[in-house]
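Colleague: Taken in sequence, the protein lines are chains A and B.
One point on numbering: in our numbering, the residue at position 8 of the first sequence is -4, and numbering is uninterrupted.
One point on numbering: in our numbering, the residue at position 140 of the second sequence is 558, and numbering is uninterrupted.
Everything labelled a hint here was simulated from the structure, so no lab data went into it.
Idealized CB from N, CA, C, for every residue including glycine.
Take these hints with a grain of salt, some might be off.
In silico contact screen, one side only, chain B against chain A (beta carbon under 7 angstroms); selected entries [claimed, not checked]:
| hint | residue |
| --- | --- |
| 1 | V539 |
| 2 | R542 |
| 3 | R543 |
| 4 | M547 |
| 5 | F555 |
| 6 | P556 |
| 7 | S558 |
| 8 | Y560 |
| 9 | A566 |
| 10 | N569 |
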Amino acid sequence: MSGPVPDPAAPLTPSGNLRRRQIFSRVAESGATVAAIIAVAVLGIVIYTVVSRGAAAISFDFLFTGTPTGIGPAIVGTGLIVAVATAIAMPLGILVAIYLTEFAGSRMAGPIRLALDLMNGLPSIIIGLFVFGILVNHRHQSGFAGSVALAIIELPLIARGTQEVLLLVPGSMREAADALGVSRWRSVLGVILPSALGGIVTATVLAVARAAGETAPLIIVDSIFDGKSVSLNPFEVVPNIPVTIFTLSEEANPEGFTRAWGSGLVLVSFILFASLGARALLARSKRKMPT
Amino acid sequence: MTYPDSSQGPVEGSAAVPPRFRIQAPGVESTGVGARRELGLEAVFEARDVSVSYGAKKALGGVSLRIPRSRITALIGPSGCGKTTFLRSLNRMNDSVPSFRIDGQILYHGHDMYAGNVDQVEVRRRIGMVFQKPNPFPKSIYDNIAWAPRNLGMKAGLDERVEKALRGAALWDEVKDRLKDSALGLSGGQQQRLCIARAIAIEPDVLLLDEPASALDPIATKSIEELMHSLKGRFTIVIVTHNMQQAARVADQTAFFSLDSSAGDPCGTLIEFDDTETIFTRPADPRTRDYVTGRFG
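Model the full structure from these sequences, guided by the hints.
Modeller: Structural data, given as structure tokens:
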């Protein structure tokens, strides 16, 4: 606050230490801008590398036949594992979110939210070891064990994402439903969930995208397959893309490496389109939400 | 502090009620029914020394009044005087506020509303509420009305019920050709009438209106007021408003709430409750007179 008081009659050009302050401000702004550009560039470079190296591997045979020519069974297998995982995690996650926003008092909601956030931060290899211990040890590897591990990864994402959109449903909707003498659960089903449906689907799709690429748990619980065919029985070992990428990249054969990039391209395309689709859906449902 | 007779009168029940408290609306069959009390009309609500606190903050204290059946009762007063708090206590909407606490008694047709065996859902089934801001569901016009009856098992003749509710809320002619359209496409005034239609579709006993016209323009306000006139008789209506002219136009009796600082922290309380005409022309309490003549608030 020190410094000379400007002469009111002086021209309106920078005076005092304003020039220095402006330079400082510009430097800080440039730093932040560069950081943002780097973040976007990293994503761009990763995608560019995956596309440029993987595109060569993509062919009809690559997508629709088994080893050694293609990864068809792994694509189907990843779809199966993730579908089962989502079938487990989605109802649970939505119910958890409903409990948090509609029924739990703040005393209960806080610790549960914290638990979900901690669960979200669990290293996936730990989840893999845990599932190995309860479902694989003394038995055998299975797609189902992989699904359980991925469900544990998806659960907090779906629960927190759903909770966020349920909180966006205006309190006036709950009051309106309450004032009509309808029980809370009916209000949840009839008014609150439909208002938040777009956001719930979005949260689920993002969780699916995340789970589809998880590798560590699958290496432990669902990795010993030849990739020639796929059984639709999840209690058998089910081939999957992440482990296929890992295995191919470990091969001494350079062609294996190209196919690893090709598999990566398949996975990344799936995740990108799922995420972008989810965002679009969320934007649409937010526009439709009452204020 | 001492309260004027009119706010104490109804509590004491029988003979002590001053004559000016009698409801004198013309054309009311108020005689010859034994159950009716000195008030001249059967009370739907009877508040006995009701106090409400949110945590350590006392929002309302010492309210005693009787709200008669099939009449419109207005609650007026400056902001923060507890009138909405009192209204929301009448259908237990405050229960969802974590730190809410109520003392005293509110009787609804003689039953203690806050007794342990009272179910909130049942309370609201009988005592409907319309809020300050129109809050239609993001559903079609038809489904807005039909949703609650469906959930309450009133599935027979649903179309007729929806039409009757919309006619009752003077909205039918405007929406009959677009019942399947989203309710969010209606104007504010139409949305508020839709909310009233939604509330009367389940045939409640009482309608609580919390400043139902405060978010509306004068024309929409007028239609809401006309609607209230047409609904009285079918329902007991309690309306909170800070628009005094509105109270004067629609209400049979008016309760004036204000802030009272005599016991330390300011706290809302009932100052005077009487026929609307009396409140606006010959109020007993100087604070009421100051308020209705526009000297404060």
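Colleague: Would you mind marking each hint as holding or not holding in the structure?
Modeller: Do the hints match the structure? See the list:
1. V539: Holds: closest Cβ of chain A sits about 5 angstroms from V539 of chain B, inside 7 angstroms.
2. R542: holds, 4 angstroms
3. R543: holds, 3 angstroms
4. M547: holds, 4 angstroms
5. F555: Since chain A brings a Cβ to about 5 angstroms from F555 of chain B, closer than 7 angstroms, the hint holds.
6. P556: holds, 5 angstroms
7. S558: violated, 12 angstroms
8. Y560: violated, 14 angstroms
9. A566: holds, 4 angstroms
10. N569: holds, 5 angstroms
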